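Undergrad: Fit chain E to the known structure of chain L by using the hints.
Listed below are the residues making up each chain.
Number of protein chains: 2
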Amino acid sequence: MTPLDPTADVLALTRALVDIPSESGHEAPLADAVEGALRALPWLTVERIGHSVVARSQLGRDRRVVIAGHLDTVPAADNLPSRLDGGLLYGLGACDMKGGVAVALRLAAALPAPAHDITYVFYECEEVAGDRNGLARITAERPELVRADLAILMEPSDAGVEAGCQGVLMADIAVRGERAHTARAWKGVNAAHRAAAVLRRLDEHTAGRITIDGLEYREGLSAVAVRAGVAGNVVPDLCVITVNLRFAPSRSPREAEAYVRDLFPEYEVEITENIPGALPGLDQEAAASLVAYLGVAPRPKLGWTDVARFAALGTPALNYGPGDPSLAHTAGEYVPVEQLRQCEARLMGWLG
Amino acid sequence: MTPLDPTADVLALTRALVDIPSESGHEAPLADAVEGALRALPWLTVERIGHSVVARSQLGRDRRVVIAGHLDTVPAADNLPSRLDGGLLYGLGACDMKGGVAVALRLAAALPAPAHDITYVFYECEEVAGDRNGLARITAERPELVRADLAILMEPSDAGVEAGCQGVLMADIAVRGERAHTARAWKGVNAAHRAAAVLRRLDEHTAGRITIDGLEYREGLSAVAVRAGVAGNVVPDLCVITVNLRFAPSRSPREAEAYVRDLFPEYEVEITENIPGALPGLDQEAAASLVAYLGVAPRPKLGWTDVARFAALGTPALNYGPGDPSLAHTAGEYVPVEQLRQCEARLMGWLG
Numbered sequence: 001m002t003p004l005d006p007t008a009d010v011l012a013l014t015r016a017l018v019d020i021p022s023e024s025g026h027e028a029p030l031a032d033a034v035e036g037a038l039r040a041l042p043w044l045t046v047e048r049i050g051h052s053v054v055a056r057s058q059l060g061r062d063r064r065v066v067i068a069g070h071l072d073t074v075p076a077a078d079n080l081p082s083r084l085d086g087g088l089l090y091g092l093g094a095c096d097m098k099g100g101v102a103v104a105l106r107l108a109a110a111l112p113a114p115a116h117d118i119t120y121v122f123y124e125c126e127e128v129a130g131d132r133n134g135l136a137r138i139t140a141e142r143p144e145l146v147r148a149d150l151a152i153l154m155e156p157s158d159a160g161v162e163a164g165c166q167g168v169l170m171a172d173i174a175v176r177g178e179r180a181h182t183a184r185a186w187k188g189v190n191a192a193h194r195a196a197a198v199l200r201r202l203d204e205h206t207a208g209r210i211t212i213d214g215l216e217y218r219e220g221l222s223a224v225a226v227r228a229g230v231a232g233n234v235v236p237d238l239c240v241i242t243v244n245l246r247f248a249p250s251r252s253p254r255e256a257e258a259y260v261r262d263l264f265p266e267y268e269v270e271i272t273e274n275i276p277g278a279l280p281g282l283d284q285e286a287a288a289s290l291v292a293y294l295g296v297a298p299r300p301k302l303g304w305t306d307v308a309r310f311a312a313l314g315t316p317a318l319n320y321g322p323g324d325p326s327l328a329h330t331a332g333e334y335v336p337v338e339q340l341r342q343c344e345a346r347l348m349g350w351l352g
Numbered sequence: 001m002t003p004l005d006p007t008a009d010v011l012a013l014t015r016a017l018v019d020i021p022s023e024s025g026h027e028a029p030l031a032d033a034v035e036g037a038l039r040a041l042p043w044l045t046v047e048r049i050g051h052s053v054v055a056r057s058q059l060g061r062d063r064r065v066v067i068a069g070h071l072d073t074v075p076a077a078d079n080l081p082s083r084l085d086g087g088l089l090y091g092l093g094a095c096d097m098k099g100g101v102a103v104a105l106r107l108a109a110a111l112p113a114p115a116h117d118i119t120y121v122f123y124e125c126e127e128v129a130g131d132r133n134g135l136a137r138i139t140a141e142r143p144e145l146v147r148a149d150l151a152i153l154m155e156p157s158d159a160g161v162e163a164g165c166q167g168v169l170m171a172d173i174a175v176r177g178e179r180a181h182t183a184r185a186w187k188g189v190n191a192a193h194r195a196a197a198v199l200r201r202l203d204e205h206t207a208g209r210i211t212i213d214g215l216e217y218r219e220g221l222s223a224v225a226v227r228a229g230v231a232g233n234v235v236p237d238l239c240v241i242t243v244n245l246r247f248a249p250s251r252s253p254r255e256a257e258a259y260v261r262d263l264f265p266e267y268e269v270e271i272t273e274n275i276p277g278a279l280p281g282l283d284q285e286a287a288a289s290l291v292a293y294l295g296v297a298p299r300p301k302l303g304w305t306d307v308a309r310f311a312a313l314g315t316p317a318l319n320y321g322p323g324d325p326s327l328a329h330t331a332g333e334y335v336p337v338e339q340l341r342q343c344e345a346r347l348m349g350w351l352g
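So the sequences go chain by chain: L and E.
Under UniProt numbering, the first sequence has 78 at position 78, and the numbering climbs by one with no breaks.
Under UniProt numbering, the second sequence has 349 at position 349, and the numbering climbs by one with no breaks.
It should be emphasised that the hints constitute simulated quantities derived from the structure, not laboratory data.
All figures in this text were calculated on a predicted structure; none of them were measured in a lab.
Among the hints, a few may not be true.
Where chains are identical, the list cannot tell them apart; a pair therefore holds if satisfied intra-copy or between any two copies.
[What the hints assert, rightly or not] Below 20 angstroms or equal to it, Euclidean Cα-Cα: the simulated SDA-like pairs (lysine to any residue) are:
(1) K187 to D237
(2) K187 to A77
(3) K187 to D149
(4) K187 to L327
(5) K187 to G177
(6) K187 to E23
(7) K187 to R61
(8) K187 to L202
(9) K187 to R200
(10) K187 to S24
(11) K187 to G229
(12) K187 to S326
(13) K187 to G303
(14) K187 to A231
(15) K187 to T206
(16) K187 to R299
(17) K187 to V234
(18) K187 to R137
(19) K187 to E204
Pulled out of the complex, with its shape left as it was, chain L reads as follows (with noise of 0.2 angstroms):
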């Protein structure tokens, strides 16, 4: 196991975490040194479910705020180890979200007496489909663990309170064909050539943009898979096309399947995943307080991300973490290192 020091600065700290590779479903070695951290800190209650960790400060406090972040990332893109250069930390997952995690462990190093009680929660498998994810499971196993007053997602927003989020449905859109042999293939109907009318229906697609208390949520409508493919000399009598719908948190699920459904009313659709965004809530008096503090403009939060599975048990949540959510996922991701510190020092001035 490699060791992790929370008490090293917040940069060193980051850089550990980026150069130990945790793609989802691979982390073990990732958990096991977060969870070596959090374990000699005498102040915190340490549990470990899967390869989750949760750590509890039991000062008795009036308030409860939940700390989170995921531990896994995207498959590597050719871009490890992490590489300084000037002021930003480039590597796999420095931005999504190795460095939000840096800043929370070293919140949880550094503050043995904060303001309110803290839960900091680092989790599995958030990069995959929602029923591998860690967060979900210890909501379902275990919601006692994460209940609270506030639930502060590390998510990327560059430094910024992103509220609420947008609702994820993934479909599957199944065109048919007949098989025949290629070398007479105009016996058949090939599906993978009557799949263009579906992809062009998708290129051609305007996504909707919807205002909720004054943020705009822009959706979005994507093709993230095709697949056909019998045999090399096979005509194939099936092309799926493997849809994502972003969807506003004023859109119900069901409203949503509605809308991928009547885009696409001639063809099978099997909805595979729909899960609900959550709305910004920024009316409720914790996530008030916590915006008020840190003197920002709040902005939507687009991609999907475990604050509605907080939003779900009723507790307030909003994601505020370093880094730019719009290079998550991407090959050249980095995280400039003043956000790591503005992130820090805010959250330490706040809990401290």
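TA: Just chain E, lined up with the frame of chain L:
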């Protein structure tokens, strides 16, 4: 070793061949049996190459004819052992092409002094990648063994003559985009959406119909696979469409490549396989004499067959064998007993 009796009735012999399983790569027991049967015929010189067997008469005739068939079958589909139902013999390989192999073995046993010298070729691994093909190995290592004035490939052709064969080109067409998180899909370029243009062009493409020696070779261009997808929340930056072109034997592989590249000038096109067809060659004397004797109207062969390997050696070659070619590789394949007897009688007459 199961002994084979090539003096038996052609139906009994076909059944015996079907009942010795010989999926590609597992032809040894059948090759042993065939070799044993041929070595018992003193008028033939027998050679074993891998699990292929070549047997030649050495009568000093003016002309030499190759009679060839592959020993292997596609994988079993619960269609063994053989089963006779009315006049149809069912079972794995009955159609493709143990019926043809049985006819060839009957000729070998019944014709100690044929009108032309005969080279019988029974070979392995026709149903798998070309680099394992037993005939390809023989033509590469021992071309003198298979030189002849005419080659008759006993592939199923409904007891008619299927002349020449089309060429096959495989290509990967890459459509590029730019990755982005689907929550901000507009920051990327969706390669799957862009692929609509390629698939549409394939859908609208009209393949050629080319007449050679009075035979119409109908071409075909089919997408046989489409692959795109990075992760469920990533706008894909690459969509690869694999296409299969069946081209008339009058086109060279080079022309076939230019044809595909000209159709998709704005995309990256990688040719992964490109093998020429075989001209019908019916204008050549040996082939013309056989066709005239059989009294059948030749048809064009649209699928690629090993006739092209003989054509590459300069030997005119045609397909003539029992069984409906559209039943090849189906679980319910069968060969009509009537066609077994007809092919046997006709070739016996021509060669006797």
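Undergrad: Against this structure, judge whether each hint is valid.
TA: Right, here's what the structure says about each hint:
no., hint, result
1, K187 to D237, "within (12 angstroms within a copy, 33 angstroms between copies)"
2, K187 to A77, "between (43 angstroms within a copy, 18 angstroms between copies)"
3, K187 to D149, "neither (65 angstroms within a copy, 35 angstroms between copies)"
4, K187 to L327, "between (48 angstroms within a copy, 10 angstroms between copies)"
5, K187 to G177, "within (11 angstroms within a copy, 34 angstroms between copies)"
6, K187 to E23, "neither (45 angstroms within a copy, 24 angstroms between copies)"
7, K187 to R61, "neither (74 angstroms within a copy, 44 angstroms between copies)"
8, K187 to L202, "between (29 angstroms within a copy, 16 angstroms between copies)"
9, K187 to R200, "between (25 angstroms within a copy, 19 angstroms between copies)"
10, K187 to S24, "neither (44 angstroms within a copy, 24 angstroms between copies)"
11, K187 to G229, "within (17 angstroms within a copy, 30 angstroms between copies)"
12, K187 to S326, "between (47 angstroms within a copy, 8 angstroms between copies)"
13, K187 to G303, "between (45 angstroms within a copy, 13 angstroms between copies)"
14, K187 to A231, "within (16 angstroms within a copy, 35 angstroms between copies)"
15, K187 to T206, "between (36 angstroms within a copy, 14 angstroms between copies)"
16, K187 to R299, "between (55 angstroms within a copy, 18 angstroms between copies)"
17, K187 to V234, "within (11 angstroms within a copy, 37 angstroms between copies)"
18, K187 to R137, "neither (50 angstroms within a copy, 32 angstroms between copies)"
19, K187 to E204, "between (31 angstroms within a copy, 16 angstroms between copies)"
Hints 3, 6, 7, 10, 18, counting from the list given before, are not met by this structure.
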